[in-house]
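*Asks:* Sequence:
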Amino acid sequence: MDGRHVVVADAAGEHRLWLRDSQPGRPLAAVIPLDKDFITRIASLLRFHRRLLGRAAGPLPRGWPLTAYRLARLDLMLRALDLRDEGATYREIATALGRDDAARLSASDWKMSASRSFVVRLVRDGIAMMNGDYRKLLRIR
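With the first letter of the sequence shown counted as 1, position 23 gets the number 23 in UniProt numbering; the numbers rise by one all the way through.
There's no promise every hint is true.
[What the hints assert, rightly or not] Label-pair restraints from in silico Cβ distances:
| no. | residue 1 | residue 2 | range |
| --- | --- | --- | --- |
| 1 | Gly25 | Arg73 | 43 to 53 Å |
| 2 | Arg62 | Pro33 | 49 to 59 Å |
| 3 | Leu53 | Ala114 | 51 to 61 Å |
| 4 | Asp85 | Gly25 | 47 to 57 Å |
| 5 | Asp82 | Val8 | 27 to 37 Å |
| 6 | Ile32 | Gly54 | 21 to 31 Å |
For the record, the hints were derived by calculation from the structure and aren't laboratory data. Ideal Cβ positions, reconstructed from N, Cα and C, are used throughout, including at glycine.
Make the full structure from the sequences, and use the hints.
*Replies:* Now the structure itself:
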């Protein structure tokens with residue numbers, strides 16, 4: 001596809017654009033698909049429009065900046081997925097992620113443990129993210 005990707009700096013959060021016609025001086029138009037990301041796209045467009053008018057774009061919409069908890073979980077998810085891809089068992093992953101009970105539980109206790117369930121969910125969610133669910137991170141919650 002022809003065009004140009006542009007990043008417009010803004011203290012409250014940068015604006016990322018794809019310009020179909022990259023010749024300077026041409027009028028801009030926005031095309032917003034009517035899909036599940038419509039509200040997110042409109043919020044982003046309104047922020048950019050305010051910036052074009054010389055006003056403050058305003059803060060990012062609530063739900064866009066990832067919380068510390070969410071960032072930590074995403075980090076664990078990626079680490080768990082990497083370990084699983086390298087052939088680690090769920091128990092080995094749990095131990096590597098600091099779940100101290102994983103190493104000392106009997107096989108039957110491990111099968112029913114919260115640590116095992118936690119790691120299985122991390123790997124499952126990591127696989128889903130890898131297969132396209134990462135786009136959900138961009139949606140307004």
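*Asks:* Would you mind marking each hint as holding or not holding in the structure?
*Replies:* Hint check results:
no.	hint	in the structure
1	Gly25 to Arg73: 43 to 53 Å	holds, 46 Å
2	Arg62 to Pro33: 49 to 59 Å	violated, 23 Å
3	Leu53 to Ala114: 51 to 61 Å	holds, 52 Å
4	Asp85 to Gly25: 47 to 57 Å	holds, 49 Å
5	Asp82 to Val8: 27 to 37 Å	holds, 34 Å
6	Ile32 to Gly54: 21 to 31 Å	holds, 23 Å
Of the numbered hints stated above, the single one contradicted by the structure is hint 2.
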